[in-house]
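With the hints as constraints, model all of the structure from the sequences given.
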Amino acid sequence: MNEKLIVSTSPHVHANVTVRTVMVDVLIALLPALAASAYFFGVRALLLTAVTAASCAAAEYLWQRLLGKPVTISDGSALVTGVLLAMNVPPTFPFWMAVVGGVFAIIVVKQFFGGLGKNVVNPALAARAFLLASWPGAMTSWTVDGVSTATALGILKEGGQALPSLMDLFVGHVGGCLGETSVLALVIGAGWLFWRRVITPEIPVVYIATTGLLTWILGREGFFTGNGLYEIFAGGLFLGAIFMATDYVTSPMTVKGRILFAFGCGVITTLIRVYGNYPEGVSFAILIMNLVTPLIDRKVKPLRFGEVSSRG
Amino acid sequence: MKHRLFRGGVHPEGGKELTKDKPIVPLDPGGTLVFPLSQHIGAPCLPLVEKGQEILRGQLIASPPEGRLGVAIHSSVSGKVKSIEMRPVVGGRGVSVVVENDGLAREVSFEERPRWRELSRESILSIISESGIVGLGGACFPTSVKLNPPPDSPIDTVILNGAECEPYLTCDDRIMQEHADDVACGTELLRRIFPDARIVVGLEENKPEAIEALSGAFAAIGADVEVRALPVMYPQGSEKQLIFAVTGRSVPSGKLPCAVGCLVQNVATVRNMYLAVAQGRPLMDRVITVTGEGIAEPGNFLVPLGTLVSRLIEVAGGFKGDPGKVIAGGPMMGFALTRLDVPVVKGTSGILVQPRSMTLVEPERDCIRCGRCIEVCPMGLEPYRLNRLALLEDYDAFVDEGGMDCIECGSCSYTCPSMRYLVQSLREAKRTAAARRRK
Numbered sequence: 001m002n003e004k005l006i007v008s009t010s011p012h013v014h015a016n017v018t019v020r021t022v023m024v025d026v027l028i029a030l031l032p033a034l035a036a037s038a039y040f041f042g043v044r045a046l047l048l049t050a051v052t053a054a055s056c057a058a059a060e061y062l063w064q065r066l067l068g069k070p071v072t073i074s075d076g077s078a079l080v081t082g083v084l085l086a087m088n089v090p091p092t093f094p095f096w097m098a099v100v101g102g103v104f105a106i107i108v109v110k111q112f113f114g115g116l117g118k119n120v121v122n123p124a125l126a127a128r129a130f131l132l133a134s135w136p137g138a139m140t141s142w143t144v145d146g147v148s149t150a151t152a153l154g155i156l157k158e159g160g161q162a163l164p165s166l167m168d169l170f171v172g173h174v175g176g177c178l179g180e181t182s183v184l185a186l187v188i189g190a191g192w193l194f195w196r197r198v199i200t201p202e203i204p205v206v207y208i209a210t211t212g213l214l215t216w217i218l219g220r221e222g223f224f225t226g227n228g229l230y231e232i233f234a235g236g237l238f239l240g241a242i243f244m245a246t247d248y249v250t251s252p253m254t255v256k257g258r259i260l261f262a263f264g265c266g267v268i269t270t271l272i273r274v275y276g277n278y279p280e281g282v283s284f285a286i287l288i289m290n291l292v293t294p295l296i297d298r299k300v301k302p303l304r305f306g307e308v309s310s311r312g
Numbered sequence: 001m002k003h004r005l006f007r008g009g010v011h012p013e014g015g016k017e018l019t020k021d022k023p024i025v026p027l028d029p030g031g032t033l034v035f036p037l038s039q040h041i042g043a044p045c046l047p048l049v050e051k052g053q054e055i056l057r058g059q060l061i062a063s064p065p066e067g068r069l070g071v072a073i074h075s076s077v078s079g080k081v082k083s084i085e086m087r088p089v090v091g092g093r094g095v096s097v098v099v100e101n102d103g104l105a106r107e108v109s110f111e112e113r114p115r116w117r118e119l120s121r122e123s124i125l126s127i128i129s130e131s132g133i134v135g136l137g138g139a140c141f142p143t144s145v146k147l148n149p150p151p152d153s154p155i156d157t158v159i160l161n162g163a164e165c166e167p168y169l170t171c172d173d174r175i176m177q178e179h180a181d182d183v184a185c186g187t188e189l190l191r192r193i194f195p196d197a198r199i200v201v202g203l204e205e206n207k208p209e210a211i212e213a214l215s216g217a218f219a220a221i222g223a224d225v226e227v228r229a230l231p232v233m234y235p236q237g238s239e240k241q242l243i244f245a246v247t248g249r250s251v252p253s254g255k256l257p258c259a260v261g262c263l264v265q266n267v268a269t270v271r272n273m274y275l276a277v278a279q280g281r282p283l284m285d286r287v288i289t290v291t292g293e294g295i296a297e298p299g300n301f302l303v304p305l306g307t308l309v310s311r312l313i314e315v316a317g318g319f320k321g322d323p324g325k326v327i328a329g330g331p332m333m334g335f336a337l338t339r340l341d342v343p344v345v346k347g348t349s350g351i352l353v354q355p356r357s358m359t360l361v362e363p364e365r366d367c368i369r370c371g372r373c374i375e376v377c378p379m380g381l382e383p384y385r386l387n388r389l390a391l392l393e394d395y396d397a398f399v400d401e402g403g404m405d406c407i408e409c410g411s412c413s414y415t416c417p418s419m420r421y422l423v424q425s426l427r428e429a430k431r432t433a434a435a436r437r438r439k
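These protein sequence lines map, in sequence, to chains L and H.
In terms of our numbering, the first sequence is residues 1 to 312.
In terms of our numbering, the second sequence is residues 1 to 439.
Please keep in mind that the hints were generated in silico from the structure rather than gathered at the bench.
Covered stretches of chain H, going by a simulated chain L footprint (3 or more residues, C-beta under 8 Å):
# : stretch
1 : 10–16
2 : 248–259
3 : 323–330
4 : 359–368
5 : 374–384
Quick list of in silico lysine-lysine cross-link-like pairs, DSS-like style, CA-CA up to 25 Å:
#  : chain 1 : residue 1 : chain 2 : residue 2
6  : H       : Lys82     : H       : Lys51
7  : L       : Lys299    : L       : Lys256
8  : L       : Lys301    : H       : Lys255
9  : H       : Lys255    : H       : Lys439
10 : L       : Lys4      : H       : Lys320
11 : L       : Lys256    : L       : Lys301
Okay, the calculated beta carbon distance ranges per label pair:
#  : chain 1 : residue 1 : chain 2 : residue 2 : range
12 : H       : Arg438    : L       : Glu307    : 20 to 28 Å
13 : L       : Thr200    : H       : Glu362    : 18 to 26 Å
14 : H       : Glu13     : L       : Leu291    : 36 to 44 Å
15 : L       : Leu31     : H       : Gly92     : 51 to 59 Å
16 : L       : Ala138    : H       : Glu362    : 39 to 47 Å
Heads up, the beta-carbon is just placed ideally off N, CA and C, and yes, glycines get one too.
Take a look at the structure:
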């Protein structure tokens, strides 16, 4: 025994799950969606993802260096934000705009609020909203097989074109953002996240089920005329429900809170899709519910040991 | 009957395979033994011996002040009292009787009681009290006091705690396997004290040998005791969680188990009740698991109380590699030692050595709000919030949010991806809040 003993209070063991392993698992879970986007939209999809990921990581590094704070890019959270941002833009999106989006996500949405764990809204989604407001044209120009097209939800809203088949929606052969194109790839990613216990199923399941049911009930042509199944496969619902709404930082911490949160996301998504001007409502629904999260966490508590129903 | 699983909990890596097949070996305590005067909940004992005095194994060397909560302390070896002085003990320093062991193991004559089954409740309790028995699971609460609950809370279920949910520790498992008959006889004493109660042993289902040994021992003496195998989940051995698993009853916040008609005793405690009452042998030794990846020859030892930790490590083959942490107890709730010349006391269930390479040295990061601490908290608390309140020193809010219900099991810190010092801060805040309350 050459050195002094290490002393700390218990516990002296750890589950070996760290912020970094969690982020790595999320990145792994995104691989199928990334592969699908490369398959359907070409190599440019990968380049675009590399650009957003690099700009997010670089923005975090520079910010923390300039402020003399410990550099935390090794925890992987900036990379996750970067990849998620790419998943939320069209395949033709200009690289320089993508860089602006990455910097906005990290500096304005994340670091201005204190960094990982302190941000109020999801950085990638807030950046997407920012890009949509700044360059609505670039953010809504969709292509499939090099031909410009409209998204399924856009066609539902505006008409004009034949709708893609349900099978095309599921596999991903449709216009849309990089990540939302293939429901199949996203579900594979979700399976990984569940298996690795990175996320629990409440949010994706409740969010998707609520949206499916409500779009059917409210219906675009009147009550009970909606095609719930088509609605949930179209647009960014699976991407949002699996990867964005489940963001730890901006979603509630209790199971009951998460169910409430996911239900709220489903309601707002449906209202925007059916009654709003935007064809898609997933991003805004999640951003709005992000803002409700602190309130949910304050009011929705776990059942304490020994409590029967409501607390005394 | 179905068993229920409490909500929450974690699955820490077992580490039990290192010692679960190692039979209990008597340990030679070496030359110097140290008996701290405070090794139970209650008032410190007053020494009954003087420097230079010759003493025998089993001799009473200290007893609690008249009328105060506490239990007696007996010497575990024969020899000479070297001094009565401040000595390093687990968690600090304390006045201790230091004994030079003469190695002869000369014993006082123990008063065997062949007709122990016929003793009255009162005499059983007084023998247990005089024999220095405390809860050996680690709480160290005087057993005779625990066995004498207020008359307005009748006990209908007595539970023997054999869960041993702490990773690495196997001492209770070995006691149940090797001394099941003693444990069974101990339950007869519990039957005398609580004639109308049902008696259940609760243990985790990963101990099939213990289950078999106990079932056999109960059948052999015709004791009506149920052996209940419970799911493996930490902290299954926590009193409130065990009661819930066995009876489905929840002990209300701030209340004792007797509030729901239950009483829990560790299996080793019950065995020592029998040794004390039937054989007249006070608590002098205890079974300790000396284990960990940093120990050359892990094993279970019957250790005379007062033996120095350094001696245990020596007997267990010494360190393997560079020791990082030496822990008294298990990895979830044990105390890291600053030095090795501290003695084994009544509450020491294990000595765990982690090599330096395995020792946690991760810095704390910001909470990422993943919710895992809430998911695993067996008390249904929100550790992340309590941690924030503890850091803000907002003790009123800490108490309002249930902070005092924390059983300090460490599941939250174990599972936190940001390595936050959750239970650590809660423990501290509980103490401060309790001290403020007393003011």
